Every structure is written in structure tokens, then in C-alpha cells.
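If you're matching them up, the sequences are chains S and W in order.
Position 33 of the first sequence, counting from 1, maps to 33 under my numbering, and the rest follow consecutively.
Position 91 of the second sequence, counting from 1, maps to 91 under my numbering, and the rest follow consecutively.
Hints are not guaranteed to be accurate.
[Stated by the list, open to error] Straight-line distance between alpha carbons at most 30 Å, and here's what the computed DSSO-like set of lysine-lysine pairs gives:
1) S:K116 <-> W:K99
2) W:K3 <-> W:K186
3) W:K186 <-> W:K99
4) W:K229 <-> W:K186
5) W:K211 <-> W:K229
6) S:K92 <-> W:K211
7) S:K92 <-> W:K99
8) W:K211 <-> S:K116
9) W:K229 <-> W:K99
[As the list claims (entries may be wrong)] Each pair of labels, with its calculated beta carbon distance range:
10) W:H218 <-> S:R24: 19 to 27 Å
11) S:R24 <-> W:D43: 51 to 59 Å
12) S:L14 <-> W:P46: 48 to 56 Å
13) S:M60 <-> W:S212: 39 to 47 Å
14) W:G108 <-> S:R101: 27 to 35 Å
These are calculated hints, taken from the structure and not from any lab test.
Small disclaimer: the values here were computed from a predicted structure and weren't measured.
Where is the CB? At the ideal position from N, CA and C, for every residue including glycine.
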Amino acid sequence: MDRLLNVMTGFSVLLIGLVLVSVRRAHIRVEYSVSWLAAALVLLVLSRWRALLDRIGGAMGLDGAPVALLVVTGALFLLVLYRLSMMISSLKDSNIALAQRLAILEFRLESHEEAKTQRS
Amino acid sequence: MSKLLILIPAYNEQGAIGGVVNEVRAAMPGVPVLVVDDCSTDDTLPTARAAGARVLPLPHHLGLGGAVQAGYRLAYELGFDYVIRVDGDGQHDPRDIPKIFEALEREGCEMVIGSRFVDGSGEHTGILRAAGIVFFRAVLRPILGRTVRDPTSGFVGVNRRALSVFSASFPLEYPEIEALVVLQRKRFRFVEVPCHMRPRRTGRTTITPLKSLYYMVHVLLGVFVNVLKFEGRRK
């Protein structure tokens, strides 16, 4: 049981390190790293704080701290994925609006130049 | 006189687009034709231009809904009163355009749908598409409060009120059915007029049973999301 908690500690530290390196190299923007860092920090704290994990497990009717940790991990990552889906949707909307605006402006500029050429 | 624009969304339609533009110009002389090129990788753009259409080239592939909405946005900004959309693959007969335009002006409704089922029996409709049409007729009946015979038809005309709504909010994938629900949310009206459909001029249909299933699930979800939708996200 303790081995699983230790593995989760290692995993949390690895995740925090990966996210920080990615932010430093500008592979992930700071605003998008917050969800991952928060989730990894919660996992790190829970995997080291056995008493708290036992209380959470007890409240959820789960048998044992490792099971509680796995359930909390799953829930946390589902929340992070949900947040990312919202961000992707928002970015896609902006991207489409931008592409349409660009195309329309190019079209109007071309029309304007054609009309100018015809006048001169 | 009312300003009408013919809108043709096209993606890799170099084999058909020239003929479609020529037919549209013959059917509606003097009416501007706009081809929205959805970043085709073939010669759709120069072929459409050579045939006499104005072309709105998108900087990257947006899909059918994004391409149609780009055309609606441009038409709205340029002050057009009506837009009639014709597919770029030649399946819609441009000789039916005057019927749609006349219905738009006569009825004063926001949308006119060219339907293959009003007078005809659904010519050139594959089994999968026919099954989808029957299914979505049943789904849309309680939402729209009436039967729409050809809910998947892309041969549609819209007036300026619909243009203003679609410029702000338009479904991106498989837009035809969801667009009807968007109209219903605004309490807009539509009518169907009989039109002829033809087989594709070039290429082959990409509809497979798996894609049909994805289409049904996607559109069904889109319909219910639109029914419940909170207005105002997409600007």
C-alpha cells in the first residue's frame, strides 16, 4: 500500500518538474500550466499525508488510502481535461472568427484595389 | 431592387466548380456569384475565378459550416438582402435558384429550403442519407412544431434577418439541421420549395456507415445543445 503512495509521490514530483521545464522552455504557457501544477501539488500533498487520505477515503466509503488516492487522481485529471476542452473550444472559436475576418478583409482590400485600378 | 448573392462553398471541387459557376451565371444573369474556397489543395480557386466567380479564399480549412458562415458574414457586411447557397459539387440544379429567390421575396420568411421531397420522391438519395433524413424529420418535428421534409438539404436561401443571426452564430460541422434549430430559437420561419437533385459531377461520396453513425450522433447532440443553448458565446 505504501509503495503505491510512494509511486504517486514520485509521479507528482515528476509532473511538477515536467510542467515547470515546459513553462521555462515556453512549450506551455503559464496560464495553461496552472491546472497541471495545482493537480500535481494536490496529489503530492495527499500521497504524503496519510491521515488526510484516510479521512477522504472514509468520507467516500472507500476501503484504504491508496484507493482513495486513485479516485482523487482520476477526478482531478478529469477536471483538468474538462478545463482544457473549454480552452480548446474557445481557441477554436477565436481561430475560426480570425480566419474568416482575415479572408473577408483580404477580399475587400482586393476589391478596393481593383476598383482603384479601374478608375485610374 | 433586392440584392441577391449566390454563395458556393467549395473544397477540392476543381472538377465541378467551373460548370456549377457557369450554370449559375446562366440561370441568374447579372447576379454576383461568390465561391468560398475552404483552402482547397487542388485548382478549385483558379477554376472558379476563370469561370467568372468572385472568390473568398479562406486561409485554412474551416469545414463546411465555417466556409458558409464566412460567406454569410461577407454578404451581410456588403449589404446583401438575400443569399442562396448552392453546393459546389453540382448536385443542386441552378435552374431552381429563381424558385427559391421568388419564395424568399414572396413569403417574407427567413429561410427557403430547396427540397427533393416536396414534389419528388427524393431522387438521387442514397439509402444511408434517406435513413438519416427520416430519422431527423422525426427528431425535428417536436422541436420545430412542423415537419421539414428535407432537413439535410444544403440548397437554401436566407434573407437579411437570418444573415444577421448566422453571421454571429452558425454550426460548424453538418450545419443544415442545426441551422434549423438556430432559426427556431429566434422564432424565424422557413418554407420548402420543390427542387431537383442530381448525382455528383466528379469524385465519389465519402459517406460510409461509420461516418453516417458519427454524423447522426454529432448532429443529434448539436440539435439538443442548440435547443438548450445559452446565447452569446461565439462572437
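### Task
Run the structure past the numbered hints and jot down the numbers of the failing ones, going up.
1, 7, 8, 9, 10 and 11
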